[in-house]
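2 protein chains.
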Amino acid sequence: MNNWDRDHIEALGRAVSRLIADHWAKLDEMNVFPGVTPQEVERALQAPIPERGSDAHEVLREFQEKILPYCMTIPSPNYYGLLNPTPTLISIFADALASALNQNVGAWGHSPSATTVEKQVVRWLCDVIGYDENALGTFTSGGTMANVTGLKLALHACLPHVAEQGLTSVGRPVTIYVSEEGHFSIDRAADVLGLGRANVRKIPADDRFKIDVRRLVEQIERDQREGRIPCAVIGVAGTTSTGAIDPLNELADIAERFGLWFHVDAAYGGAAVLSESVRPRLVGISRADSITVDPHKWFFVPFAAGLILVKEGKRLRQTFDIHPAYIPQRSSLTGEETLNFFQHGVLGSRRFVGLKLWMSLKHLGTEWYANVIDRQIELCRYLARRVEDHPDFEACAPVELGIFCFRYFPQTLRRQYAEADAARRHQIDQLLNETNLRLQILVEQSGKAWFSTTLLKGVRALRINILSYLTRREHIDRLFALIEEKAPLALSQVER
Amino acid sequence: MNNWDRDHIEALGRAVSRLIADHWAKLDEMNVFPGVTPQEVERALQAPIPERGSDAHEVLREFQEKILPYCMTIPSPNYYGLLNPTPTLISIFADALASALNQNVGAWGHSPSATTVEKQVVRWLCDVIGYDENALGTFTSGGTMANVTGLKLALHACLPHVAEQGLTSVGRPVTIYVSEEGHFSIDRAADVLGLGRANVRKIPADDRFKIDVRRLVEQIERDQREGRIPCAVIGVAGTTSTGAIDPLNELADIAERFGLWFHVDAAYGGAAVLSESVRPRLVGISRADSITVDPHKWFFVPFAAGLILVKEGKRLRQTFDIHPAYIPQRSSLTGEETLNFFQHGVLGSRRFVGLKLWMSLKHLGTEWYANVIDRQIELCRYLARRVEDHPDFEACAPVELGIFCFRYFPQTLRRQYAEADAARRHQIDQLLNETNLRLQILVEQSGKAWFSTTLLKGVRALRINILSYLTRREHIDRLFALIEEKAPLALSQVER
Chain S
845 MNNWDRDHIE
855 ALGRAVSRLI
865 ADHWAKLDEM
875 NVFPGVTPQE
885 VERALQAPIP
895 ERGSDAHEVL
905 REFQEKILPY
915 CMTIPSPNYY
925 GLLNPTPTLI
935 SIFADALASA
945 LNQNVGAWGH
955 SPSATTVEKQ
965 VVRWLCDVIG
975 YDENALGTFT
985 SGGTMANVTG
995 LKLALHACLP
1005 HVAEQGLTSV
1015 GRPVTIYVSE
1025 EGHFSIDRAA
1035 DVLGLGRANV
1045 RKIPADDRFK
1055 IDVRRLVEQI
1065 ERDQREGRIP
1075 CAVIGVAGTT
1085 STGAIDPLNE
1095 LADIAERFGL
1105 WFHVDAAYGG
1115 AAVLSESVRP
1125 RLVGISRADS
1135 ITVDPHKWFF
1145 VPFAAGLILV
1155 KEGKRLRQTF
1165 DIHPAYIPQR
1175 SSLTGEETLN
1185 FFQHGVLGSR
1195 RFVGLKLWMS
1205 LKHLGTEWYA
1215 NVIDRQIELC
1225 RYLARRVEDH
1235 PDFEACAPVE
1245 LGIFCFRYFP
1255 QTLRRQYAEA
1265 DAARRHQIDQ
1275 LLNETNLRLQ
1285 ILVEQSGKAW
1295 FSTTLLKGVR
1305 ALRINILSYL
1315 TRREHIDRLF
1325 ALIEEKAPLA
1335 LSQVER
Chain F
845 MNNWDRDHIE
855 ALGRAVSRLI
865 ADHWAKLDEM
875 NVFPGVTPQE
885 VERALQAPIP
895 ERGSDAHEVL
905 REFQEKILPY
915 CMTIPSPNYY
925 GLLNPTPTLI
935 SIFADALASA
945 LNQNVGAWGH
955 SPSATTVEKQ
965 VVRWLCDVIG
975 YDENALGTFT
985 SGGTMANVTG
995 LKLALHACLP
1005 HVAEQGLTSV
1015 GRPVTIYVSE
1025 EGHFSIDRAA
1035 DVLGLGRANV
1045 RKIPADDRFK
1055 IDVRRLVEQI
1065 ERDQREGRIP
1075 CAVIGVAGTT
1085 STGAIDPLNE
1095 LADIAERFGL
1105 WFHVDAAYGG
1115 AAVLSESVRP
1125 RLVGISRADS
1135 ITVDPHKWFF
1145 VPFAAGLILV
1155 KEGKRLRQTF
1165 DIHPAYIPQR
1175 SSLTGEETLN
1185 FFQHGVLGSR
1195 RFVGLKLWMS
1205 LKHLGTEWYA
1215 NVIDRQIELC
1225 RYLARRVEDH
1235 PDFEACAPVE
1245 LGIFCFRYFP
1255 QTLRRQYAEA
1265 DAARRHQIDQ
1275 LLNETNLRLQ
1285 ILVEQSGKAW
1295 FSTTLLKGVR
1305 ALRINILSYL
1315 TRREHIDRLF
1325 ALIEEKAPLA
1335 LSQVER
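Protein sequence lines correspond, in order, to chains S and F. Heads up: the first sequence begins at 845 in my numbering, then just goes up one per residue. Heads up: the second sequence begins at 845 in my numbering, then just goes up one per residue.
With the rest of the complex left out, here is chain S:
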């Protein structure tokens, strides 16, 4: 049991590699959603806690029989879902190496090279973003915790005594500002940090789903007048629903004018600074006080890899400093203070998350990333053209990054809509929303592709997000043909 014999290790490694190779060879053919009910999966997996063990290869067989068939095929080129990428090959094996070394990246003394690799990768991304040498960052478990960290920095900058005395000592609500298209993790961050969800001011978005800066200024001024404490403005670089990029430069101006922290949630869009074509639309990002970037999105590494980058890096230490007696915090050779990430973020002990990003960047280079990102945006534009050319579909949002939202709106209904009164229009709106929701389910059930829907100012849209580097034009053609085929069926099912 738990045999550390060399032959055993290599045999297990071979079996796992073969399993991965087999799985990936079939990615394009496999159903994206496995078409199972919760009960079926429960039944397959139900078992009491094992008292006695079993052979490692037996466990792999069980994995192959009971887990693998009921997975969502997220790395599939036909997966157009929730900002989850097809991971790079090397990042998968990097995770095995990180686990074998089991470095604790909380402290340099427990991970000399791992801490240094992460510092290096953070430096790379700071350079690419346009931050100077004062910047620093730290890996998190994802975008939610990166946003929590960024907003905690904001709160600490705004009201430093809260760390000791708590928010109950403040007496007035502390408010933060984000577009109504901001990710739900902002609400959750406000809740977790004790600010309260009602103090997240959701600013209306314009018709391109970017924050309305005039309304933002009005809201800040109103809150100030009414005795609240405005604390942070959040810009989104790549909204979850449509990929819209807020006007970051204007937001930076506003934050500056009111003396507020400027946080950019670039969980999805951050990687696009590598693309020449997108970069001009991200101008202003380097004026942010803090930036969320999720390597487990457009940097194509597997979960869980989030990142918070901070313009004045020392603010991390100022906010999270702590000195437990049992953790060495200096080099025993030179006596100097080391970089201990547990003093620069929420987490204590931490996985060597940076290895998979370091290895992916070393293996593929920024050039590969830029090309893939550009290609994915171009594929979205291609789909948008197909939709524009089709009389039964319409775009619901412009293509800004690798997301395109559109909906089925057949000609027949469109003609009726043009001539209808308000009540009938409302009826048709409802019908369209239900039809497009139904259409998503029919595609899911076919197994041939997967995407989600979203609500855009009350309109239910199909949301296509291209985040597999395996997706090519032929996949998009197949996807659109599938949608075309299922759409009338969805309508008839809803009308019935």
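These are computed hints drawn from the structure, not numbers from a lab. Model, not experiment: these values are computed from the prediction. We put the beta carbon where it would ideally sit given N, CA and C, even for glycine. A hint or two may mislead.
Pair ranges (Cβ atoms, derived) [stated by the list, open to error]:
(1) S:Arg1058 <-> F:Phe1102: 50 to 58 Å
(2) F:Glu1180 <-> S:His852: 40 to 48 Å
(3) S:Asn978 <-> F:His1005: 35 to 43 Å
Based on the hints, put chain F in the right spot on chain S.
Here is chain F on its own, set in the frame of chain S:
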């Protein structure tokens, strides 16, 4: 580049497996701390962000040359450090599989089998703890976030309107209670949640480093009288410094009497419910409203795997419920609501963390865990006997779990101490603290073993934590011989 050819995948897998096998074959001989300065590691790794990629095997070579040699050898049998285990072999490869599938365990629809596996593992641990069928839990990135989650549940139970209105609406401080031996993540959790670090009431510990329940009751009563809002009592099952287990049953009584949430931080000690010999000392744990357990500690899986278990499982959903438009929350086949972990915890998108614990339990069984845990406690007791039998060393805390704290206190100084006045005693106390601190550094620099020191009521102690299942009696003998050898040198260096 990023070649998904079957031969390439298998070749890369073989190379990585060989690397892991080579590394593990040398674990016992390798230096535990690599003996490098921060500058040396920086120099080895410094490089600009790569524009062009390089062959995957080239990247592995760079890993082998520049990262591997500067790692802390945490899986070594000679590592007696910071609650970081030697991971099980299968859990290392489980992480590669989890990364290859890249399931998003935020939502059932994005991880049917992965969500179900995690639910199953949570069920197993709830059963073992003694929770009934109403319990539920969720994986976190570690103990800090599990404690944040547990205390957020406490706050929500105590003041539900805070979620919307924030703590600024409360007006009186909200207090939580933990022994002075509690982990720093409790302070951090209080800070992150906006409660404020000053509102963590640190209750003195007794001479066995367990919370003084009389003082606890006094503090709660004082806070109530003075208008604060007591919210949660925290019991520690396995303190970080000495492994002490608080009297959980008494704490449960107190929490009940005052109507407070009872949270148990069993990040380290939780796994010991599997041991027949320890279980009686954990009685009362199943009365906790929430429990932190870190599988990446005594369940021997690699970072990052924390877990929060909740007696009334529905409280997770009540606290963290959210309904984004773009994430399906029902089965498209049956229409019923699915278990979506993003609605039951802080995180949104989440890694398939449970796989490595599921595989380890399947492979090794609870029997293996119980045996290893018992053996590690027995090894600590063995070391304690060696220390007791030695005239120049003394125990600083009793052995409760797999941690033993002691110090060098040579006979010569002991005789002086017996006859000394207060001023001279103070001098000797200082000398001993510095000597034991120095002793730790000398052992670290030898490379032959690693442990940390800690402060126990002002006394600097060597802290030996056995968390490698590879550690045997011969390692303990070698460790103690090494400490014996270095101790006089440490004293002479400090005296100089």
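We went through each hint and held it up to the structure:
Between Arg1058 (chain S) and Phe1102 (chain F) the C-beta distance comes to about 51 Å, which sits within the given range of 50 to 58 Å. Here the CB-CB span from Glu1180 (chain F) to His852 (chain S) is close to 43 Å, well matched to the stated 40 to 48 Å. The hint said 35 to 43 Å for the Cβ distance between Asn978 (chain S) and His1005 (chain F), and at roughly 40 Å that hint holds.
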